[in-house]
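J.: Protein sequence lines, in the order shown, are assigned to chains F and P.
As numbered in my numbering, residues 1 to 193 make up the first sequence, in order.
As numbered in my numbering, residues 194 to 321 make up the second sequence, in order.
Any given hint might turn out to be false.
Claimed, not checked - Okay, derived cross-link-like pairs now, DMTMM-like style, lysine to aspartate or glutamate, Cα gap no bigger than 25 angstroms in a straight line:
| no. | chain 1 | residue 1 | chain 2 | residue 2 |
| --- | --- | --- | --- | --- |
| 1 | F | Lys165 | P | Asp203 |
| 2 | F | Lys141 | P | Asp227 |
| 3 | F | Lys145 | P | Asp309 |
| 4 | F | Lys42 | P | Glu226 |
| 5 | F | Lys51 | P | Asp296 |
No lab work stands behind these hints, which were simulated from the structure alone.
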Amino acid sequence: MDINIPKSNKGFLEFVYGFYKGMKTHEITLAYEGEINHQIMKAFTALAQGKMDKESEGTQVQKRVYHVMVECLQNISKHAFHTDVQPDSELNRGILLVIKTENEYKITTGNVIESGHSEELKKTLTQINTLDKTDLDKLYKTQLKEGELSKRGGAGLGFIDIKRKTGQNLEFHFFKVDNRYSFFLLTSIIPRN
Amino acid sequence: MNILEIFPTDDSPEIKFNSDSGIFILKGKSLPEDVSSFYDPVINWLGEYAKNPAGKTQVNVMLTYFNTASSKLLLDILMVFEQMHEDGKEVVINWFYPDYDEDMKDAGLEYAEMVDIPFVHSELKENE
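Chain F extracted, bound-state conformation (with noise of 0.2 angstroms):
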């Protein structure tokens, strides 16, 4: 049995109209929700890469965005590698949204993950947040050397390396879904200097 979203209530054309002045309101230039996996990640790199490239933004800026979409997608599809989870389960599923801003791009994620691993997450996240350069660097050398690769194939580095390259403390929040699920978001900032 698989997780069950709570669903709105919504009448359904309320629910588009107000989902696209919504992308308005917020500056999102890009919304996704489905599967995440290797080959959805490639295809939505790409597509924000030649989208960066068609409107002359900056190339270490464009390097940025790229690098902070790859990280964020990876993680999703590395933790929804599950050798138990169907293969339409929510748990391969994620959201993606891409702002642009006058300042800054803002990349969105979103999955669903035991809330167990959410304290976990939170710690992670608390922690990064309070470091400057000086002990970031020294944070990514340390695990870069000393961590392993996890079973998934994730090196730990992927939050560090983040905020390391943008500057920007990482945005986080979880949502309750059920007594065993939470639904994580993560914003990561992109300064288009």
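Position chain P against the provided structure of chain F, taking the given hints into account.
T.: What follows is chain P alone, placed relative to chain F:
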């Protein structure tokens, strides 16, 4: 003569390691779905090479992007060269970075601090 040649893809780099000339090229992007299955054979090949290397080993690193999972395996590769250097073999890492990419330049400087191998840092002009 033993050549390790892996063609680049949209998520993995070109590898061209020539055990006779000692010229090693690592070029392109690195964000494969499974970093271990890509890099473990490379590291194994290097381990064998290190037993009987060329007179001088020049490692030309020309990456335009690598994800954090790759950064770990890149360090593992550098550690094989570090061991060779500590064993008295001649090795140099030529770290190239695109001229606009401060982050890639910094990554090279960071690796140079972490491993005891001679590093040369050079800009790669566009279209090179």
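J.: So, for every hint listed, does it hold in this structure?
T.: Hints and how they fare:
no., hint, verdict
1, Lys165(F) to Asp203(P), "23 angstroms, holds"
2, Lys141(F) to Asp227(P), "22 angstroms, holds"
3, Lys145(F) to Asp309(P), "14 angstroms, holds"
4, Lys42(F) to Glu226(P), "10 angstroms, holds"
5, Lys51(F) to Asp296(P), "22 angstroms, holds"
When the structure is compared with the earlier hints, no violation turns up for any of them.
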